[in-house]
Amino acid sequence: MDAALVEAYRNTLFEVDGPFGCFVLRVGQASPELLRLYEVYGVDSAAHLTAFNPGSRRLSDTENRARQSQMEAQLREQGYRLFSGAGHDAAGEWPSEPAVLVLGIAREQACAVGEAFGQNAVVWCGGDTAANLILINVCKLATSGAAIELQSPEKRLLVRGLSNRSRTIAIKQTSRRSIGR
16 MDAALVEAYR NTLFEVDGPF GCFVLRVGQA SPELLRLYEV YGVDSAAHLT
66 AFNPGSRRLS DTENRARQSQ MEAQLREQGY RLFSGAGHDA AGEWPSEPAV
116 LVLGIAREQA CAVGEAFGQN AVVWCGGDTA ANLILINVCK LATSGAAIEL
166 QSPEKRLLVR GLSNRSRTIA IKQTSRRSIG R
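For the numbering used here, add 15 to where a residue sits in the sequence shown, where the first one is 1.
Note that these hints are calculated values from the structure, not bench results. Just so you know, these numbers come straight off a predicted model, no measurement behind them. C-beta atoms are modelled at their ideal positions from N, C-alpha and C, and glycine is treated no differently. Be aware that one or more of the hints could be misleading.
The calculated label-pair distances, taken between Cβ atoms and stated as ranges, are [to be verified]: (1) 99 with 54: 29 to 39 Å; (2) 77 with 141: 32 to 42 Å; (3) 93 with 133: 13 to 23 Å; (4) 142 with 72: 27 to 37 Å; (5) 94 with 48: 15 to 25 Å; (6) 54 with 16: 31 to 41 Å; (7) 17 with 57: 36 to 46 Å; (8) 152 with 47: 12 to 22 Å.
Assemble the whole structure, with the sequences as input and the hints as a guide.
This is the structure in structure tokens:
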């Protein structure tokens with residue numbers, strides 16, 4: 016997965032059709048609308064998940080919808096509350112993908128769902144409601160605590176391993192000054 020693809024994921028608009036109206040999650044930004052959902056439903060985490068186009072490989076609409084239905088059924092069986100949504104490529108180069116916002120899901124579980132459905136990344140929000148882009152299986156490139164820089168002309172991204180057992184990494188936009196800290 017190259018830096019341009021990671022940047023495309025970062026810039027995606029993650030739409031949610033919530034009970035109080037539609038809103039958009041953006042990587043690195045907190046969401047007052049999501050905070051309201053947390054308060055109403057008594058949770059402190061959420062993930063925006065899709066089963067469409069695993070590994071950023073386009074599948075037929077029929078296959079994508081079947082995968083999405085299977086993922087949603089599994090999440091409902093596990094007792095999660097879901098709200099429909101979609102991921103929209105801000106550059107308009109990739110078709111929008113139906114998705115769901117899953118309330119109350121832990122980061123590790125969100126990553127496991129993403130991995131099970133062949134996704135390169137998931138968006139997970141913790142108690143601060145900031146949307147975090149979590150890449151799946153990239154930490155095969157790094158050991159725990161190691162850092163890898165992914166660069167694009169506009170942004171520098173720093174990738175850090177989360178733990179010895181983790182198979183995911185979090186992406187954090189950084190400035191040049193913070194790279195060495």
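Which earlier hints can't be squared with this structure? 1 and 8
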